[in-house]
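Read off the chains here:
There are 2 protein chains.
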Amino acid sequence: MTDDAVCPVLIGGRWRPARNPRRFFRAVDPSTGMETAGLYPVSDASDVEEALAAGSAAAPGMAEAGPEAPADFLDAYADGIAARAGEIVAAAHRETGLPEAPRLRDVELPRTIDQLHQAAHAARDRSWCRATIDTKAGLRSRYEPLGGPVAVFGPNNFPLAYNSVAGTDFVSAIAAGNPVIAKAHPCHPAVTRILAETAFACLERSRLPRAAVQLLYHLPPDVGLALVADRRLGASAFTGSRPGGLRLKEAADKAGRPIYLEMSSVNPVFLLPGALRERGEKIAAEMFGSCTAGAGQFCTKPGLIVLVEDEAGRRFFDLIQAAFAGAPAQVLLGESVLSGIRAALEAMTAAGADIVAGGRAPSGSGFRFENTLLRASGDAFLRCPRPLQQEAFGPVSLAVLVRDGGQMAAVAAALDGNLTTAIFSHSGADDESLYGELAPILLTRCGRFLNDNVPTGVLVSPAMVHGGPYPAAGHPGFTAVGFPAAMVRFAALRSYDRVRAHRLPPELRDENPTGTMWRWIDGEMTRGDAAGAAQKSMR
Amino acid sequence: MTDDAVCPVLIGGRWRPARNPRRFFRAVDPSTGMETAGLYPVSDASDVEEALAAGSAAAPGMAEAGPEAPADFLDAYADGIAARAGEIVAAAHRETGLPEAPRLRDVELPRTIDQLHQAAHAARDRSWCRATIDTKAGLRSRYEPLGGPVAVFGPNNFPLAYNSVAGTDFVSAIAAGNPVIAKAHPCHPAVTRILAETAFACLERSRLPRAAVQLLYHLPPDVGLALVADRRLGASAFTGSRPGGLRLKEAADKAGRPIYLEMSSVNPVFLLPGALRERGEKIAAEMFGSCTAGAGQFCTKPGLIVLVEDEAGRRFFDLIQAAFAGAPAQVLLGESVLSGIRAALEAMTAAGADIVAGGRAPSGSGFRFENTLLRASGDAFLRCPRPLQQEAFGPVSLAVLVRDGGQMAAVAAALDGNLTTAIFSHSGADDESLYGELAPILLTRCGRFLNDNVPTGVLVSPAMVHGGPYPAAGHPGFTAVGFPAAMVRFAALRSYDRVRAHRLPPELRDENPTGTMWRWIDGEMTRGDAAGAAQKSMR
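Protein chains in written order, with my numbering: chain V, 1 to 539; chain D, 1 to 539.
Think of the hints as simulated: they come from the structure by calculation, not from any bench. Glycine included, each C-beta is placed from N, C-alpha and C at the ideal position. Keep in mind that the hints are not guaranteed to be accurate.
In silico DSS-like pairs for lysine-lysine, Cα to Cα no more than 27 Å straight-line [said to hold, decoys possible]:
1) D/K136 x V/K254
2) D/K136 x V/K282
3) V/K136 x D/K282
Derived list of chain V stretches under chain D, where covered just means 3 residues or more per stretch with a C-beta under 8 Å from a C-beta of chain D [stated by the list, open to error]:
4) 38-46
5) 246-254
6) 514-525
Take these sequences, add in the hints, and give me the full structure.
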């Protein structure tokens, strides 16, 4: 493909030109601000219509293929990504400005590969479907595929681990047995194309329908809204900005289509006085690192740091202010991040915060912004809690210096839903009383609650929760990261009522299909067979 | 209390008069159309405000009380209901017209009591919270209470088993550790008052906060919408009509508050040719019973019966038509059911269905309607699938006589989401091919899929799913009946990240708090302790 050829979309099991592209776009290298090679179409409704038709047609076959087929595909795809690692990392770097090493090559790529294998393992294990059998009543239930494709809208900040065609939403939907319609983030179409090519090559060698993975690069807003509202769609998943997420949520909600959203979070960190007295310097270094790593473009970046303005608090503040002021400006993911920071800083200073470090975009080419620290008093925060807890996506954090523990609790109570909240406390018992006051409040404001640690670094673990109460996410009962929990989002709960034995899905038959899958049978968790199977074998 | 005294509401741990009632209402005995004793307030925003404040204040204490306290309360409440059974059944009969026996006394009351005990058992067992521990990463997650009260809007058709202050949503929310704000169905305030009195007497003797159960009798629409959208609310649950449910859903969705809805369903039943040849007479009797039991006022009533118009089909149709025509008109729950039936019949006949039995309200006092059967051809159904699959709540069903199996599949494909779908087929292999064509379609249209059985009769079992795809319910991943699954609706998923051991909730500590609770520890399902505990005991 020459630089000027328009890249094809992947629809209905083949790469083909977009039908009636509304327009075309190129990705931009954010380190230079220059357009990169490759012309990509903005699809119109006709591409989406065909993707929905093909995805719905693929859904029953994919559900019937059973869990081994998607698991094998995910494993093969992981190997395929590993084989093209250099090319993938280079493209991701070019389109996002994120460092090739260690970030992309040594952290995000291995995580992406590992997550594919973890999801494959969970699919094979089958315990995730929570098969429940009541032999006396003849009732058997499980989570099973949704019956329609899942639309995945990827974010700009993780070109691999959250990529619409390789990231956690993608693998969760596939592992749960659903076809995916991926919508690339338009900041990084080339890396998404390479991943989709890799996926499709594996798909062609798999037992899954060829429309199990489809890719569109970009959609006009009206077409995106129609997609999430389409009744053929099983569900949608979106990771990105709050305004974009809320628009999709409204359209999906109105049509009664499930949508899972991760929208924004300031990840408040509460530094208790004893902790700062004990190890303020260490915490300052950790906090600065967490606030500015990846140019602060993590969903879990601590955007709000709350501390008491006592002697140790002032010393901590001076340390972190100096760190912010002394570090060089970093490349941002794109122009929209830059304009978002400017708007957030304007709103936050208008609401009573002062910029005490950074605050400017350095001159020169590309999209960069200084590491920026704001400061507000507890009184100021409590006067305007909404504007002062907005996400400033990028290397921007607000330190709130409160009068005392009581005001700290008042700040906690004024918080909205977040992905994470954290408390740093004295390693002994010095802060225990204030901890006891804060923890019950902060727990209800988050999906993941930390002690003595920064929130960045989302481990792919069965016990991870990457989600939280609205408006951090759309529903407090789900996680986007960690298997098998993340798969349940893309499943319907269904009961089979006196369905004849030979017509039951394998997971609900008397005999345990793997011998290792956990099921809840007649009130007992077991890896054994249901009573009927035992009786049958006794006959 | 004299007949004319206004009944108090239960707010903030005491019975007190409504603050600024918008107006007052009386329940109506539907068998006579006459008002019954007892005057009830329609609360305004000030009562709701106080209930929300008290409910939010009660939430942390309730969460900290642990699972034994709500379990003990639910068990005691079940005993309390049993002790007042006669009074409760009499009030329910007077306000709903449902027969005292067997329906209320021998079926619904025992089910209500049993469901309280089942939820108590699930709360005590604790396995429902799906504790997941990753000892290496220091990550531990579980489902836990929402952090705010749950608003429960009960329906008119189950004055006990779905009552806002005793039914499945109520017990699920309490068992999961949340306070409840109950909104009575205005058709049966007296039975709801007796149940709330019983609950509150048990609450006062329990270790739960006194605002764990609150009761409002009626709300103007604007106040109800504000309630489900309030940010202090943990979640809402609604069972009732589609228009009412959709209004609440819109308000809750807009505010990002979780809401669980059960809105309407026609529960399509497909009678395959072999089944009707083999046992048409038996199926006709079962189907007539299921369509007209409780005057057809079940969420799972078969409102749509699809069969092939062959010889056996015609014979079945004649049988069921005669059964509908020959049975006496039954008392309905109230005037709104009567007017709903009239509107549905008008829309369905306008869309091409013919009334072939019943169709009129008999003269005389009270609210009654004849058992009513409609008939439409498969062609007619496929021309207007939407109006012909609307719920006619009451003793009304539509038989669709299709040309052949192919047209049967087309009818199935035109169906919306339902609570249940069912296939009756030949006991041998005669219908296997058509079954294979229909089942994959009908599975994606329901939460519970039946073979050879009518959908009415929702057993309280861990393997039950009473829910389904929109618009039958608001989300396909949940059930309103069956423990522990129904409790998960009212829980937040939360991860504890390197939280110090003594600060963890008991379910996430190294030692298994009950010795029997199932947990997922380091990739293994186990009733044992986590590694840390073993190491500790070895030291």
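Against the structure, the hints come out as follows:
no., hint, verdict
1, D/K136 x V/K254, "violated (43 Å)"
2, D/K136 x V/K282, "holds (23 Å)"
3, V/K136 x D/K282, "holds (23 Å)"
4, 38-46, "violated (count 0)"
5, 246-254, "holds (count 4)"
6, 514-525, "holds (count 4)"
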